[in-house]
Every structure is written in structure tokens, then in C-alpha cells.
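Here is how the chains run, residue by residue.
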Amino acid sequence: MKVLAAASIKGGVGKTATAVNVAAEATRDGVRVLLWDLDPQGSATYLLRAEHHLTGGGARGLVGAGSELAPHVRATSVPGLHVLPSDLSLRYLDRHLDDVDRPRRRLGALLPPLEDAYDLVVLDCPPGASLGIESALRATDVLLVPVVPTTLAMLTLTQLEEVVAARRRRPRFLAHVSMLDRRKKLQRETVTTLAEREDVLATMIPNTTVVERMGPERAPVRTFAPRSVATAAYEQLWHELTPMLWR
Amino acid sequence: MASVVLDGRREPSGPIVGVLEAEGIVLGPPEMLRRTRYDTFDGRLHGKGLRLEARTRDTEGHALVVTAGNGPPARLFLSAPLVPTEPLAVTTLPPGPLRSRLLSPAADRALLPQLTLRSVRRSGTAVDADGIPLVTVHLDSDLEISRPGTRPGTGADTTDAVAWTIEVEELPGRHKPARALLQTLTGALDTDPATPAAVEGDALERAALAAQVDRRGWRGPVRPDLDRHAAALLGLRAVLRSFADALDANWDGTVDHLDDEFLHDLRIAVRQTRSLLVEGRRILPKDMRARQREAFRWFGTVTSPARDLDVYVAGWRTLTSPLSDEDARALEPVLAHLAGKQASAHAQVAQGLRSRTARQLREDWRAWLDLPDAEVARGKHAHKPLGEMIGARIMAAQHQLLVDGRRIDAGSLATDLHELRKDGKRLRYLLEGFGHLGGRKRSRAVIRHLKDLQDNLGAHQDAEVQADRLRQTLAELTDVSAEEGAGEPAPAMLAAGERLASILDRRQAAERADFHDRFAAYDDKRARRTVEDLVARMSR
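Protein chains in written order, with our numbering: chain A, 1 to 247; chain B, 1 to 540.
It is worth saying that the hints were derived from the structure and are not from the lab. Among the clues, some could well be false.
[What the hints assert, rightly or not] The list that follows gives simulated cross-link-like pairs (lysine to any residue, SDA-like), each with its CA atoms no further than 20 Å apart:
| hint | chain 1 | residue 1 | chain 2 | residue 2 |
| --- | --- | --- | --- | --- |
| 1 | B | Lys48 | A | Pro112 |
| 2 | B | Lys341 | B | Arg471 |
| 3 | B | Lys176 | A | Pro112 |
[To be verified] Pair by pair, the computed Cβ-Cβ distance ranges are:
| hint | chain 1 | residue 1 | chain 2 | residue 2 | range |
| --- | --- | --- | --- | --- | --- |
| 4 | B | Pro30 | A | Leu155 | 30 to 40 Å |
| 5 | A | Pro243 | B | Ala492 | 43 to 53 Å |
| 6 | B | Arg329 | A | Pro243 | 18 to 28 Å |
| 7 | A | His239 | B | Trp251 | 52 to 62 Å |
| 8 | A | Glu162 | B | Pro30 | 18 to 28 Å |
| 9 | A | Thr209 | B | Arg179 | 13 to 23 Å |
| 10 | B | Arg179 | A | His53 | 17 to 27 Å |
[Unchecked claim] Computed from the model, here is a short list of chain B residues facing chain A with C-beta under 7 Å:
| hint | residue |
| --- | --- |
| 11 | Pro94 |
| 12 | Pro97 |
| 13 | Gly173 |
All C-beta atoms in this analysis are idealised placements derived from N, C-alpha and C, irrespective of residue type, glycine included.
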């Protein structure tokens, strides 16, 4: 079982769209995917039509001693994709992690019982670089950072890189261009700079209304716009990621 | 996710569809489904709780599907169907989760088709208001089971087959709907005596049970229950029969070269048999013993070159791992040359084992093993207690090993160490076959101790053989180039080959340097005492 985390220090860069669409594309290759929504906003939970509610004590019950993830998992309308929903109690995740031994290893320690059930766990992380994020990164094989090609987003990319570099056990660090608007000169220039980096994937997700429609449609883009440019881009992104997860 | 199956031996009656529709499940149109179950010869996937099937379905196309217990299936979509009678190699699958899941248990063993189930499938899913599935049902009818080598729907394989199955798939967080539906179905079908209780599993597992597929696979020959007080001849014959079973079990896989392990296991059976024929002097009848020693020597000779090349080719990546990428690439023609020789060697093995000679030798051997004990000619000591006789052989083998080992010094040749390794093998086969007569725990401890020494001698021998083989192959390639008028082979290949040979020479020297300590540990007073105790208990 591999763990892919969609994370960024900056909010609003397309983490959830990446997590949900990559997860949906993976299922088309027969991969059994669990999307774990770690963001208390619960956008991925909403998009996959799951209830924004964690049974059995919320975040405390989720990461506390003796807890199990399996009872929280829910089926989705995408065959092969299951979701571990979030709820608002996850805003206190750091506090609950602080209460357990080895908090940075805690999220990873919850995954082995799911080894037989899933090939891929996609973590949809909240923005920031909190203890919860560090715990998620400890469990991660590949860290995927969506980057909007702007100066500030580039800055946060470097910051996250530093957070990862400071760790002894490091996930593979990869970035991809997100919400690209080719009409903007500054974005085009930034993309040129990004393209020089070895850890930036070739796939660029365009800034299209199709991705925004995920909200009202409550589904991955392929479900309601299978022939769209966005769907093709997410498919390509998944295919670019596959050999990096399983060599 | 769990899957539960109901089945029956009569065609599904109309009410099933009605019951499902009342539960909000409308079955889709019927479609042909073909599923072939695969596992290794020794059931490695089953042993790890995995199941592999190749599935062809009208709406899904072709896919390899892996399931673990009742977990959700993982798929690898294929552009064309697999031939349901042909083996599959995990290493030929593209990198991905399915390949990595299979690679660890199956390793280099071929995945062999065990049975194919054809059915007409109708599926339906109940969904909630948000379109989230609540429960999925598959109704399979017109079931037809075939096993490799039999035509579909013929033979005894299908007599116990079920006529239909209903699979109820339980989805995460949706246990209640699945359980409720199952209860409803069970209740609706309760009047039909041909409907057994619901069982965990699915149609393919039910078919495997019906077709009596041994899902655990080959687990080695059944070890005979030996009595140390019984006549030595009886004990030896029982053990020889178990070796013959191993030989038979691996015969066809070796002839067809399904994977390298068949030949490996067949050769172990041959070597063990040869060893026991040697140890059986004055127990086994003299004429038979002489004849069969010659026969098994022939089996050994016929199969030896192929096994050597299997080891070399399979271990090539490990062998060349100390080299730079550039050197490893430069040596690719060597690997290609060896792989070509390996294929020829296996063709010769197949030819040899298919020959009249092989058939005659095998039949003679089995005929002797199947003779009633009362009709078997006996050696002078055939009636003596097994424990006492084998104990004496173990002590003799141990003595020989210690004498030869103590003679090894700085001036000894590599062949001296090779001879010592043979002494060790002789002792090991005796211990593996009969050591438990003196106590399993004690026997295992002696074998473990001996293995430490054997590993050193084995690594020493392997390094020598590998270096020799490499230099020989480079010389052959040079000759081939000269014959073809292509001049000298690439200098990069020759240089890389010499670098690898030097590494192997150094490895051999390191093992040689380590030998003294390993042997001293084996020749330790306490270790020797353990062997003596074991033999004393065997002979009691």
C-alpha cells in the first residue's frame, strides 16, 4: 500500500481537487483507493457525498489509543474509491495528537490494518505545516504539492520543501502546476522557472470552470465532464505519478 | 467489504429477481463472464490470503483481479484476454500495485491456471439518495467449470458444480443493507432444499471447491511416520517413496519449464535419493541399489547444466550489482548468451525426461517402491533397527566431515573445500530425512549449526563457479565473434567481465578466509556433543 499526500502550506491551490481527481483516476486503473480527508473543512468529504461526520468521538476517537480507521470508512459513488470523512473536530487534531505517544508516527501507525484492503491511500491535507501535517508526511511515500504559478505560491513551495528536508524520513517530494491561467504573462514566466526543477511534474492543471463545477456536481470531473481538458489533465497527472509510486 | 454467496444446484427460480426488485435492486442485462483462477504450484497466493483471477466480461473487457480475503478487488486492465490454459509470470506484468502485491509471495514462480468458470452474470446495485451504493448483487447462472486439459462442461470436474450463485457485496459503512438483503434472500429461498446456507466467498471459490482444486497447492511430499525401532529397510523405502513423490510432482513442470523451481525441486529429490541409495548399503538389495544409483546418476547428469544456468541467469542482477551501471550494460551480451544456453539446456532436459530411457528408469523405480515389503529382496542389515543403522551412518558422515575439514589448510585446493561441502551435504540429507528420530529440536539445532558451515562452503564454491563460467563465456563470445568475422567483442564488455570476475575472486578469497572460524565453530566440543547425543537417542 502506498501513501500519496496532497499538501501545501498555502490554501486555495487545488489540493482537494488534485486529491479527489487523482484518486478517481487511480480507480480507473483498478487501484483500490482510500481518500483520507484530514482537512476539517471537509471539502473532499463533501465532493464525494459522504457525511461530514466522524463517528465515535471525532478526531480524538480517530487518533486516540486503540483506535481503528476501518469503521470510519465509507463507500462513494466512484467504484473502488472509499473515503475516510472529516468533520470539524479535526481542527483539534494537533491537540489530540499531542496526547498520544510518538504523535508524528501516529497517523502512519493507523494505516497497516488497511494494507489488504487498499493499494493507495490519498491524504487530503489541510493547509499549513502543523503537527498533523508532519504526522501525515511521516506516513507518506509521495508528497504532491499543487502550485499555482505565482510568486507567493512559489515561496510556500520552498517553505514546504524546507519542512520536508528537515525530516529524517522524507517522502518523495513532487509538485505540479495547478490552476494555470495561460493568459497571464506572470504565470507563464513562473511556469518556465518551475519547469527547470526536476521535482515538478510535466502535467499542468488548467484553471477551468469544470474544476469549479465539482462543487455543485459533488463528483470528480470525470463523472460529469469526461471529455474535458481538466479530466485529461488529471488522467495524465495520475499516469505521471504511477511509476513514482510503484517502480 | 465482505462478499457472501448463496448457491444452489437447480436453476434460479423467478422469485429471486422479484425479491431483489422489491429491495430496489434492478439487475442489469445478462453478460458473459469468464474467470480463470491462478496460483503458483505450491499455492503461495492462497498461503498469503490472496486470490488472482483473469476476468473477461462484456462490459469491463479483460482484467487481472486480485482479492485478499473478502476485501475489494484490485484490477489490472489488459488489452487482450489471457489464454486460460497458459501460465503467467508476475515479472511480465507492468509495474503497479497489482504486480507489487503478487511479486512478494509468488517471486519467480509461474502462476498456473487452476480452473475457469464461465457464467452468465447479471449485476445490480441499490443506491441511496446521493447515488452512493448501498449493496451490490451478482447473480451468476449457467455456470460451467473447466480445468486445464479438460473441455468445458465435461468430466467429473463439473458433477458437483453449483447451478447458480448470488453474491451479496457488503460495502464499507453499509453493513446493514447487505445483511438485511441476505436475510431476505435466505428467507425467500428457504423452501428450496437445494439451497445451502450462505457462505463467505464468491462464485469462483465455490467453483474451486466444487472442482476439488487443491487451493493450498503442493506442500512437498508427505513425510513418512518413521519408527526408529522398525526394520531399516522399511524406513528407507518409506523415505525413498516420499522422494519419488516429489520427483513425480515436479516432473511435468520441469519438462515444460514452467518455472525454474520445478527443476530445482526435482533435482533435490534426485540428490536425496542418490544419497540414500549410497547410505543404504547392506540394507537395500545390492543389485537394485547398484542399478538405481546408476539411474539416478543419469537423472543428475541430464538436469545439471540447466540448473547451473538457471542459477546464473536468475542471479545475474545480484551478481552484477557491485558493478557500475555502465559495466552492467556492457555485460548484457553475456547475459543474452547465457540465456540462450539456458533455453537449449532446458530443451535437452525436456528431451531427456521425455525419452524412453527416463520413462523406463522411472517405472522401474516406482515398481520397486510399490512392491509389498514381504516381496522385497533385503540387504544383510535390512532387519536391523532403523535408528541404529541411520545413527551409525550419521556418525560416519560426521566423522568424515571432521577429518576432511581438519585437513584444510592454507595450501588446500578449492576442490578440497568442494569435497568437504559434499561431506556436509551427505550429513545434511541424513539429518533432514531421519534426524527427528533423535528428537526434532535437537535435530534442528544440528542442522542449523551445519548450515552455517555449508553456507560458507556454498558461497566459496558459487564464487568460483561463477567466475569460471564468466571467463568461459567471455572466451566463447570471443570465439563466436572471430568465427563470424566480427573481430574482437567490445572491449568494454571484456573489461567489465574481467572486473566482475575479479570481484568474484575476491569474494571467494573472503569466504576462504572466513572458513577457519566457521569450521572451528562446527568442530566445537559442545557442537560435536549435540550430534553424538542425537545419534545416541536415535539408537536407543
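Hints and how they fare:
Taking the CA atoms of lysine 48 (chain B) and proline 112 (chain A), the gap is about 16 Å. The hint holds against a cut of 20 Å. A threshold of 20 Å between alpha carbons decides the hint, and for lysine 341 (chain B) with arginine 471 (chain B) the separation of about 15 Å falls inside it, so the pair holds. Between lysine 176 (chain B) and proline 112 (chain A) the alpha-carbon distance is near 26 Å, which puts this suggested pair outside the 20 Å criterion. Against the hinted window of 30 to 40 Å, the Cβ-Cβ separation of proline 30 (chain B) and leucine 155 (chain A) comes to about 59 Å, which falls outside the hint.
With their beta carbons about 29 Å apart, proline 243 (chain A) and alanine 492 (chain B) fall outside the hinted range of 43 to 53 Å. At about 21 Å, the beta-carbon gap between arginine 329 (chain B) and proline 243 (chain A) stays in the expected band of 18 to 28 Å. At about 45 Å, the beta-carbon gap between histidine 239 (chain A) and tryptophan 251 (chain B) misses the expected band of 52 to 62 Å. For glutamate 162 (chain A) paired with proline 30 (chain B), a C-beta distance near 59 Å fails the hint of 18 to 28 Å.
Here the CB-CB span from threonine 209 (chain A) to arginine 179 (chain B) is close to 43 Å, at odds with the stated 13 to 23 Å. The given range of 17 to 27 Å is respected by arginine 179 (chain B) and histidine 53 (chain A), whose C-beta atoms sit roughly 22 Å from each other. Residue-level restraint check for proline 94 (chain B) is violated (minimum Cβ-Cβ distance to chain A is 9 Å; threshold 7 Å). Given hint, proline 97 (chain B) at the interface with chain A, holds; its Cβ is 3 Å from that chain's nearest Cβ, closer than 7 Å.
Restraint check, glycine 173 (chain B) versus chain A: the minimum CB separation of about 4 Å is within 7 Å; hint holds.
Against the hints set out earlier in the document, violations occur for numbers 3, 4, 5, 7, 8, 9, 11.
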